[in-house]
Amino acid sequence: MRDNPPCDFGLIGLAVMGQNLVLNVESRGFSVSVYNRTATVTETFVAQHPGKRIVGAATLEAFVQSLARPRRIMLMVQAGAAVDAVIEQLIPLLDADDIVIDGGNSLYTDTERRDAYLAGKGLRFIGAGVSGGEEGARKGPSIMPGGPASTWAVMRPVFEAIAARVDGEPCVIHIGPGGAGHFVKMVHNGIEYGDMQLICEAYQLFKSAGLTTPEIAATFNRWNEGELQSYLIQITAKALAQRDPDSGAPLVELILDKAGQKGTGQWTQLNAAENAVVISTINAAVEARVLSSQKARRVVASQLLQGPAPVLAADRATLVAQVHDALYASKIVSYAQGMDLMRTMSDKRGWQLDLGGIAGIWRGGCIIRARFLGRITEAFRADPALDHLMLAPFFQQVLNRSQPAWRSVVAQAVAAGIPVPAFSASLDYYDSLRTERLSANLLQAQRDFFGAHTYERIDRPAGEWFHTDWPEVID
11 MRDNPPCDFG
21 LIGLAVMGQN
31 LVLNVESRGF
41 SVSVYNRTAT
51 VTETFVAQHP
61 GKRIVGAATL
71 EAFVQSLARP
81 RRIMLMVQAG
91 AAVDAVIEQL
101 IPLLDADDIV
111 IDGGNSLYTD
121 TERRDAYLAG
131 KGLRFIGAGV
141 SGGEEGARKG
151 PSIMPGGPAS
161 TWAVMRPVFE
171 AIAARVDGEP
181 CVIHIGPGGA
191 GHFVKMVHNG
201 IEYGDMQLIC
211 EAYQLFKSAG
221 LTTPEIAATF
231 NRWNEGELQS
241 YLIQITAKAL
251 AQRDPDSGAP
261 LVELILDKAG
271 QKGTGQWTQL
281 NAAENAVVIS
291 TINAAVEARV
301 LSSQKARRVV
311 ASQLLQGPAP
321 VLAADRATLV
331 AQVHDALYAS
341 KIVSYAQGMD
351 LMRTMSDKRG
361 WQLDLGGIAG
371 IWRGGCIIRA
381 RFLGRITEAF
391 RADPALDHLM
401 LAPFFQQVLN
411 RSQPAWRSVV
421 AQAVAAGIPV
431 PAFSASLDYY
441 DSLRTERLSA
451 NLLQAQRDFF
461 GAHTYERIDR
471 PAGEWFHTDW
481 PEVID
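Everything in the sequence shown is counted per the working numbering, starting at 11 for the first residue and increasing by one.
Heads up, some of the hints might be wrong.
[To be verified] Below, computed lysine-lysine pairings styled on DSS-like, alpha-carbon distance capped at 27 Å: (1) 305 to 272; (2) 268 to 305; (3) 149 to 62; (4) 248 to 268.
[What the hints assert, rightly or not] What follows is a list of derived Cβ distance ranges for each label pair: (5) 307 to 264: 17 to 27 Å; (6) 149 to 224: 20 to 30 Å; (7) 307 to 105: 39 to 49 Å.
FYI, nobody ran anything at the bench for these hints, they're computed from the structure.
Glycine included, each C-beta is placed from N, C-alpha and C at the ideal position.
Using the sequences provided together with the hints, build the complete structure.
Here it is in structure tokens:
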């Protein structure tokens, strides 16, 4: 390895994502040095790709010495303690202004802690959200890097070269300082939770109406040619069409209905609660996964708790059209809630997030890439101060025209006892947002009654607070 010229880029962690990112970087004209804690993994990976400008290092010391300065080192290791452990091992080996990039799904507050820690040692740090899965990593992901603008300038040639491209533009921008990149990736994943749950509820409704799995697959294929076009719709159609090689049955029907999660959806929930932002669609999606994991409890409850037969007797063509509109409208709500959370945190942290630009880089490479993301970019470009995505003219029109079908779908599901938590939460959010006077006046009366929390009046100036001496309650 000593005879090799210094490599342009280094990557630690050769799991599936790491390996594919290495191949992506190398294919764009950069030489890459790689290191994995298990040396045999490094040796096997390099041996599988002869003729490529990939150098394997047996030790961390050799890995660091193989890189050109300032060193650009990307970590693709498990979020949490593993990231901190690798950073501690690297610090004594690095020189001033070397760059460490965390490409995993780290919590943004951990990223900010690491950024400050490394800056104090004269090193530079980037928390970069990477979306796209195995295929995206290899062919071009959407990348969301945070950190100082000066560090972004050093990394920009590499990130723009390896990112997906849409209309000739790379799906990467400098998100903002500190933990902004990982925060945006966290919200991206929260929106992804909502999107996936909504699609699953559409599938459940179709099954309840008697559509076969191949018929549902064909429906999603058709949808992928129109305004619902997206990566998740596309892979849903493919997943539904997949046959089990042993039985010949649709494979999806043989999969146990227990969903997993890695925590980014829950992080999004917690952050929204801390910042008083409503993300009810995303919350419903996270909770649906939790309930799905309680399979044994659900089996018992299904024998004890009563309800109607989960069967829809609707005309199939009508139902498909209605579910299409309900899905589109609910999808808009999910993205709007995510954008609202990002705007709130941007204002609070001074990140100056470019919401239109973020929607733009999500159009390619990432899991939530979809046709209508271009409309989100247009909305924020037309009005950078847009208070809420649902109030943009295009989205107003879609929601207004979709709401009758949306209501019908939710009503049919409730009447038949079919759980549609994300559809319902989205519609409730829509109705709450458009309601000029909610029942919170009574809630404020209750709060003042038991806790003297005071209230404002509609017939007095805003900001003037009142308290009533309510009648005593006698037990």
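Review point. Which of the listed hints are not met by the structure?
Key: 7
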